[in-house]
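Both chains are given apart, each in its own frame, so use the hints to dock them into the complex.
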Amino acid sequence: MTIRQPPDYDRAVVPKQSRFPLRPAARATAVLLIALLAVACGSSPGTASQQPASEAPASASGSLTVYSGRSESLVGPLLERFETETGIDVEVNYAGTSELAATILEEGDASPADVFFGQDAGALGALAAEGRLAALPQATLDKVDERFRADDGSWVGISGRARVVAFDDRIHDAADMPDSIAAYTDPQWKGKIGWAPTNASFQSFVTAFRLLEGDDAAKAWLEGVQANEPKVYEGNDAVLNAIAAGEVEVGFINHYYLMVALAEQGDTFPVRNHFIGGEDPGALVNVASAGILSTAKNPAAAQAFVDYLLTQESQEYFANETHEYPLIEGVPANPELPALDEVSSPDIDLSDLSDLEGTLRLIQDAGVL
Amino acid sequence: MFRSPRPVSMLGRAPRPLLLGALAVAGLAVLPLAYLVIRALEADPGSLDLVLRPRTAVVAASTVGLALLVGAGTIALGVPLAWLTTRSDLPGRRAWAVLTVVPLAIPSYVTGFAFLATFGPRGALQGLLAPLGVERIPSFGGLFGATLVLVLVSYPDVVLATRAALARTDPAVEDAARLLGDRRSVVFRRITLPILAPAIAAGALLAVLYALSDFGAVSLLQFDSFSRAIYVQYRASFDRSLAAILSLMLVGMTFAVAWGESRVRSRASAFAGTARTSRRPPSTVPLGRWTWPAFAFCVAVVGLALVVPAGTIGWWLIRGIGQGEPVRVVVDAALNSFLAGGGAALTAVMLALPVALLVARYPSPVASFLETAAFTGYALPGIVIALAVVFLSTSAVPVLYQTLVLLVFAYAVRFMPQAIGTVRAAAVSVGPRVEEAGRTLGDGPVRAFVRLTLPLLRPALVAGGALVFLTTVKELPMALLLGPIGFDTLATEIWDAAAEGFYARAAGPAALLLVLSAATVAVLLRNEETTR
Chain Y
1 MTIRQPPDYD RAVVPKQSRF PLRPAARATA VLLIALLAVA CGSSPGTASQ QPASEAPASA
61 SGSLTVYSGR SESLVGPLLE RFETETGIDV EVNYAGTSEL AATILEEGDA SPADVFFGQD
121 AGALGALAAE GRLAALPQAT LDKVDERFRA DDGSWVGISG RARVVAFDDR IHDAADMPDS
181 IAAYTDPQWK GKIGWAPTNA SFQSFVTAFR LLEGDDAAKA WLEGVQANEP KVYEGNDAVL
241 NAIAAGEVEV GFINHYYLMV ALAEQGDTFP VRNHFIGGED PGALVNVASA GILSTAKNPA
301 AAQAFVDYLL TQESQEYFAN ETHEYPLIEG VPANPELPAL DEVSSPDIDL SDLSDLEGTL
361 RLIQDAGVL
Chain U
1 MFRSPRPVSM LGRAPRPLLL GALAVAGLAV LPLAYLVIRA LEADPGSLDL VLRPRTAVVA
61 ASTVGLALLV GAGTIALGVP LAWLTTRSDL PGRRAWAVLT VVPLAIPSYV TGFAFLATFG
121 PRGALQGLLA PLGVERIPSF GGLFGATLVL VLVSYPDVVL ATRAALARTD PAVEDAARLL
181 GDRRSVVFRR ITLPILAPAI AAGALLAVLY ALSDFGAVSL LQFDSFSRAI YVQYRASFDR
241 SLAAILSLML VGMTFAVAWG ESRVRSRASA FAGTARTSRR PPSTVPLGRW TWPAFAFCVA
301 VVGLALVVPA GTIGWWLIRG IGQGEPVRVV VDAALNSFLA GGGAALTAVM LALPVALLVA
361 RYPSPVASFL ETAAFTGYAL PGIVIALAVV FLSTSAVPVL YQTLVLLVFA YAVRFMPQAI
421 GTVRAAAVSV GPRVEEAGRT LGDGPVRAFV RLTLPLLRPA LVAGGALVFL TTVKELPMAL
481 LLGPIGFDTL ATEIWDAAAE GFYARAAGPA ALLLVLSAAT VAVLLRNEET TR
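Top to bottom, those sequences are chains Y and U.
The numbering of the first sequence is our numbering, which starts it at 1 and goes up by one.
The numbering of the second sequence is our numbering, which starts it at 1 and goes up by one.
Next comes chain U alone, as it looks inside the complex (with noise of 0.2 Å):
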């Protein structure tokens, strides 16, 4: 009863600035492949058989495979986790809001760690169980313990997409169909889910993709993915050029999996228009007799999530304390990490406005290809972009290598697609309707954009902004070769320290890191509770 005759192409009717503006942000998007084509040219063709060869191959399908199980087990914690803190009567909502979320800014190579510590053979799990007569208990690591480490990192970002879209959608459509007769559990199925849809998958996609880019948490975990392949192309030989074919068929992946979700969500365009646009709050769900077995959920999800890295943390500054070492607060990086972070969230925002207002308003073949296009180096890992930009930017902009503007621009650009998720999935829910009506009663497209949209967008606004931050202030190799020099943010602090085996000088940057968070993620749930 929703569906909408098919559009065939709107993208005619797309405004002439809204068109260049996204036209140009997918150009930015895609400079790294230009640099990627301009290394894989140079490959001695003797060596290719070093990338081209069967075991590529199954690298390859080992990736795809955790992509996809990372992908099935964010949409499985995110979205009843998303619902629970926004729409039932849960203890402790609001702090759940905020605690389900900080889990996105703790590094992966750091809840991997952690992992270990824990859950190794010999980990403290095992010496809680030694008086049990637990003398090991099975490895952890492979792509068990990869899936559940990056599950755990990333599933914040369907939980604050899905937030964003329970938080615009009109109960009044729930409402209706209750009063109709249908039950809540039937009203959720047919109504909510498919209202959340674009959003959840949305959020899966970049939980995904985080998992093609990551490398902390395969390399500690013995996983043997495609981003680490990248890795030991350059650090083992140097070669930029075999490193740069791999990142290339990457780029491949990227594209296919960006593709797939256009497809699953162009079935959901029939829900335009969903967007609350009254003042009224959604009603609150009682839980009941399922309130104990949620709130155990939620203990359960932020207690491997964030209480096992962040005791991890505790436990490394009580020992490092234990043996002398002073504790380590390093104000100017915690500083530093908010700038870049801020600066980088404000700008992607800025940047991903064009391409997502475009796909949800004008779609059309082109629009969805400079989206795709947009998502170009968000799944390559950080290493290939660095160099990408310092290639690019020597050569290009020397004014501007290794400055803050430079560093905050690349996170942008490489990091939008998490704004445009959130940002195109409000504005389909959103329509143009509203907007049209204040068109008719005189107001300029600009101003009725800015009066009418732009408010309602809002809550979408705020939660790409924030998951670009929590992103940014934990990126590590972006930081360390593209920063101004001498430039050290929270994850530069803990890496410097980890990486040589410091870990109590590693635990003051990283508990900051966690607090740093925490507050952004309160702060922004605040702002966006009370813009209700």
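So here's chain Y without its partners, still in its complex pose (with noise of 0.2 Å):
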């Protein structure tokens, strides 16, 4: 009685719809919805316009899709420098690191992306797991230190991020911040501690802590602070803010997000950061890295690409306007900064950092989500 013929529905419905009456509305919806139309086609992803993928990497040119967990605020200049160099057609699609990963992995074959560039190692790794990533060239690899690329070649390092101790500097003097993150499960930190155990950054770091001392001590270490009744935010950021807000004391974040208070608020900003150093876990430095899809569909253009982003002039730009760490040789950090050698980092693969999933479930152990 309800559903038998399909075919009604065309014929009844249809003709129901199309004679929307509302008067002075009814222009307005016909005019948005060819504008509409017209931005759909117009802007529609340049997929159909690009050649196959088989061409020789010879020289590169057509168009190129990047998804960037990096925001535009941070490589938007950079990229656009790429565009006009080598008269490649970028498309970039801008959106978090992790959402990312997880849409090129939905997209499956269909990914129109040809490279990823994101945030944090661990996003590649889970990437590179599924197969969804090309191995790079050995003279692309070989730019950066071993330390900072994947050993199956699938990734490469661009810049470093590294993990430190911000405090809040109306409070503490640096010389007395503790020299081992191990420290701060002391509860003379009690109520002190910020901290964004959500974010993937956080994550890489206790991943570290677990390569290095082991599961147990990575456990214990996170029960400690979590004695410590730390507060707990969503990201690196607001971590900062907390601290410039007086709510904690101390927070354990990447050591960039201070660069860019400093630089918009000015130098009353009351926070600095303290690098840990010494080869402690809170050390590490993770790298912010790039990797050609497997689906690519122009892998030339993503080849000279990936080797633009590991140029002296694009390490340079990262030196100077994220305030990240240059990976390659003869590019100096930021003077503000200690230099890369002296934060040292602790001799861990990067590539081991993808074992997210057991450190989620370290975390949730410990109780601290």
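Read the hints as simulated data drawn from the structure, not as lab findings.
Beta carbons are placed, not taken as given, at the ideal position from N, Cα and C, and that holds for glycine.
Keep in mind that the hints are not guaranteed to be accurate.
What the hints assert, rightly or not - Chain Y regions said to be covered by chain U (calculated; three or more residues, Cβ under 8 Å): (1) 72-80; (2) 96-102; (3) 234-247; (4) 352-359.
What follows is the structure, encoded as structure tokens:
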């Protein structure tokens, strides 16, 4: 009695809707719908115009689709420069690193992306584990230290991000800050710590802790800090603002958030960074990294782009504009930062940081999440 | 005395096109559910204990608590504001009508951030109190903070729905009660409020479901809600299966809430046919000695919901200019937001109409089921819907992937419950009698509906569209992942800058978002008034 004759649907419903009656609104509707269609047709992704992937990588041209987990504010100017210098038409999809990684996994072979440029090595590792990344040529990999690239050559580090303990300099003095992250389980820090346990950088740090000192030690540390009733924040920047606002006195974050705040709010901003050093887990340097998709439609242009990110010019951009550590030889770090050698990151393979599920389990077991 | 015989099942009498239309819309709405089931079935049994643990139950309970508090709070703010801005002689009534709705367009993370910056232990308020010797004020966050912020960003759901109901209620019903000797307060309690109940419930339902889906405010204010747990799964482990299992639980909660609301509502069907068919405007109620308390109430709500976030944005601008940052005026992004929001609003209203009419005119278990199904995506976090649409569209309609058409359509399907609620409430109060009269005078069914019922539904259609528009322009995850590559909206511009701590750069787009929303609301309300 109800759904027996599907053809009725087409005949009966369509005319009814097409006579939608609001007089002035109808005109506006029509205009808007036409505009929508026009824009949609004009801006559909440029995949159709691309050449087949089998072209020799001799000269890169055509168009390139980049999925960037690094925001436009940070890397937009660099990508525009690449576009101008090479004549390659670059389309960029900006979003969160893990959201984009999940998107690429959902897209599967249909992914329009040629390159994934992510904020941390873990996301690249997750894509490599699902076979979504192609191996990079050795010449590209060799531009950075072995520590900062994938063992299987699926991704390469582009810029370094050091873990620091940010502190309220109205209360603490740099010289008195502890030299090990382990010190923050001491009850003297009760109620004074801010952290972001849902944040990817924090979880990479916990993974490094597990690799260096074992799961039990990492869990004990998490429980120890948890016993100090730390305040939980959404991300590094929220922790930084909480220190400035006096909610907490110290926070475990990445080094460059402070540089942005100092640039925007001036030197009166009451927070400074403490670099722990000494190959402590708290001195981890993670890397924003790039990889080429195994389904890339323009691998030549993708290769040219990854290489461009590792030129002296681009590396200087990261040093000066995003306040990160350049990773190729001969480009000095921002003079306001300690040199990368002095940061003395623990000696671990960043590829091994991809066991995020184990880390999440540990964080949950410790009662932190 | 209004009670009519209880309809056993009206479904059999429903015109087939209407039924099939509603069925198609509900089918679209449950597509994300198919995706979630596919992903959930892939879960590795060994890692199930990550989501099936006591902690999940605790988070679920606190999420329900948050949702109930938000529902109560939005009713407490929204109903008085709707009445004051339509029926009273409140000074500056028309300005308040706009200002009390604009907060709906402020992303919850902006409001959340503004509250932390203003009321944090060393925020702006402490700065003002410092000369009085106040070193720090109590921390602002957790359940209290999350509830407050979510109420302040979603109470306009209740205001818009209630305003639309007041606009179409025939004042003759209230006047009759007054003539029979009831005092005004009694009339409000016994006549007006019951007539408004379906609209109030519909608005509060939206607010409650929004609270379930919200990630921005709860993450900033450190409240452990279900949608936060879902985000953690995605972000931490890229394990879409576990996130899918959590999402399915959230869909279950959504259905429970929507079903509860429909129970509340079924009592109100007694008031069918009380819509205004005369051209007579309702009488304005003089507030008398309540004028200034009412005024103060509006000042307080708008102060918290609009002035605090807008002031924070202004402060970002000023501070940025002081440090030499250029002010960014992103006209392209504003146009894109307008296009996506406008398209989504129109599409959502069209999708909502068959469902709303079916539920209002031909109530039956099947109709309720279809309506509940339409709510599937509404309370899911945006990231879940976005990934579902990525998967479904790349598998089924790759041509549409990353086009504006797909984005607008996905928005419309996700946010259509906002239009369904208001339109359904209107369709109930309009009732079928006017249309039946038209039919007896010789009009065909379509013509009678278009000429007689649709004009009466118009305030509700406009209100529903406005809700969808305001929600769409602030939406982030879907705009980021589903929009055409390079398609920047105001929300993505704000996120892009604020995520890296460039608040000065976020200020320009944020200010534009407020202006765009305020202008839209003003135009819509003007439209509402001229149709009276």
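Against the structure, the hints:
With 3 residues bearing a CB less than 8 Å from a CB of chain U, the segment 72-80 of chain Y meets the requirement of three and the coverage assertion stands. Coverage of the segment 96-102 of chain Y by chain U holds in this model, with 6 residues showing a Cβ closer than 8 Å to a Cβ of that chain against a need of three. Taking a C-beta to C-beta cut-off of 8 Å, the segment 234-247 of chain Y contributes 11 residues in contact with chain U, enough for the three needed, and the coverage statement holds. For a cut-off of 8 Å, the count of residues in the segment 352-359 of chain Y with a CB near a CB of chain U stands at 3, and the three-residue condition holds.
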